[in-house]
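Protein chains in written order, with the working numbering: chain A, 1 to 245; chain B, 1 to 466.
Just so you know, not all the hints are guaranteed correct.
[To be verified] Chain B stretches covered by chain A per the calculated footprint, using a threshold of three residues with CB under 8 Å from any CB of chain A:
1) 2-15
2) 78-87
3) 383-396
[What the hints assert, rightly or not] Short derived list, chain A residues pointing at chain B, Cβ under 10 Å:
4) 21
5) 36
6) 65
Just so you know, the hints here were simulated from the structure itself, not pulled from any lab data.
Backbone N, C-alpha and C define an ideal beta-carbon position, used for all residues, glycine too.
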Amino acid sequence: MASTKDKKRITEETAGLSWYQRLFVPEVIRGLAVTGRHFLRNLFGGRDPSPDFTYRKGSLGNQVATLQYPEEKAPYPVGYRGTHRLVPREDGKPRCVACYMCATVCPAQCIYIEAGEYSDDPIEKYPTVFVIDQLRCVVCGLCVEACPKDAIRMDTYQHTPPEYTREGFVYPIERLLKGPAVSHPSDPWLKRKDSAQPADQHFPLHGVAKHSTEPVERKEPLPQGKNHPEPPVFTEAEVRKANAG
Amino acid sequence: MRAALMTGLILGLCGLIAGAVSLFYIAAGALGVLTQAAFGKPYIGVGIANTVTLILVLVMVVASLLTLAERKWSALMQDRIGPNRARIALPGLRNQSLLGIPHFLADGIKMLTKEDFVPAHASGFLYTLAPMLAFGTAFVLFAVVPVAPVVPAAEIPIVGGLASSLGVDASFPVSLQVAPGFDPGILFVFAFSGIAVFGTALAGWASNNRLALLGGLRGSSQMVAYEIALGMSLVGLMMIFQTLQLEVMTEGQTQGLFGGVLPAWGIFLQPLGFILFFTASFAELKRAPFDAPEGESEIVGYFVEYSGMRFGLFMISEFMGTVVLAGVVTALFLGGYHLPFPPAWGVEAWLGSAIGSFGLAVVMGMVFVLKVILLCWLQLAIRWTLPRFRFDKIQTLGWKILLPIALANIAVTAVLLLADPSLELLAIVGLAEILFLVGLTALYPKKHPSSIVVPGRMMAGGSGGH
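Let's have the full structure, built from the sequences with the hints guiding it.
This is the structure in structure tokens:
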């Protein structure tokens, strides 16, 4: 009885290890060699400062993968859905025509729009109020998919920055309307004969052939004049009054 | 770029240490001259100066820097950067991480300004006494450690001039050791590290906390268990050098073996004794992998009720123990302050003729501190390499493994010493032991034996598997 017990204890103590593993000291030395190698490499080895830390080169010796965050920011992947922006036209007005598609499709109901009309352009509407509550937004990107006018994009490659108040996360049109302007040859306000910007004036302005699918690049500064007014600025009261009338 | 920067920093550190050592010499010599003039007893001044410079400055500074080094070095060992976010709000320093040094300053400020909390039913006097015992014992241990060799006071710059202007005889010896010629020597270390057990046990008992009490019990039983192996592991060295004084042992290690090719360092004569002593000291210091009495974040330990600077005393005493252990091991096993060259080369004699005996002493003091730092690094590396022992394994290791090996080591050393008093036979056996360990480490099979293959891995399929 006692002998079986002793035998069992011996097997537990040896744990299936061979004698040189149970000698322990060589294993300690090997472990110390690993630790020391890491220490020396990281102490003397040069650090690849690339913020794309998953692809840092270890050939300089240093194996530290730490990203010093506020100073080094990892690049977002291509196609990253950042904070929204309302895409401006070449003249600075929003491309948005206040069709409510995005507000309708939004599963988080974080978009609020009020529509207005340009006095000189009776066809398209424009948003007098366009608000996105970034705290409600689930960053699904459905608004971008829904937009028929390419007027809302999530190509800023920024995540929502911190704010001190909840109200700060409710982005008004002033914060949303930013980034490079976008024009498409098919934009109706560029093609219409009776528009404030007749087609014959528009296409030379952008230097592209009619119906081109190439991206539009402006080559000259915007001309000023009767046909190129500053974007209208309305107070909310004015818009409500106009809408009521 | 980084390699050059780090090499420059290390060289700068060497220069800093050398400067500090020469300042220590000057302080000891100058105070010795003053007490010589006042009482005719130079050793009073030398002792006071050495107490202040070696214990209060050298050990305290290295121990406090080790609190930072523990975090910074462990980070490097684990492919991290380590603390570098604390900043000093002074112009020019505002946006510098300064190698993380502000962190250890911030630590000190935090410790000193935190609430000094005493639990409701704690035993007031013993509760206060425990951290003092832990700290004080670690504090005095360095008294017997020789940091730098004996130099006549007259050869120290400034001191010689001071002595002649005071008209005092400056032929008295100055060495960087608090208690030179102290006969008990290494026994003093054993005695006071034995008193450290009271700090641990009292802290656990006086806190009126059952978890702290259990931690104190674990700590005291572990420390008592390893005390014996600690003492026994050094008996071999005591027999070899026929002394207990660390400075005499240090000098004994300068003799050359095999015609001066090999210095008679303790590690060559007693490699087994070195491993046993180092292991037992780890358990005595309660550092990982023997940190079952208290495991920082995982195990509630004997000082769980302590806060502020009382806790700080426990923590700093652990690091002071690290420094003292490194100093003792350096003096006993690594040739002390002597340069790491074979005696036959005559490096020290050449250096002494080149830069004078004081310059040589400063270089030797620097070498000692560098050896200490290297051993401190080794202790931290062991901590960050090995997993913690289970508590019953700790006791098994102490009583059933270390103690018998230590006794066998004594017997074998005694026989070899009787057979060949010139130590060469001992050195041959010691080198054979080292060669055996190195060979075993190098030839160690990289593949794990099939008996400990993780069961989940066997499902990888195929005879080869992964």
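### Task
Please write out, lowest number first, the hints stated earlier that are contradicted by the structure.
none
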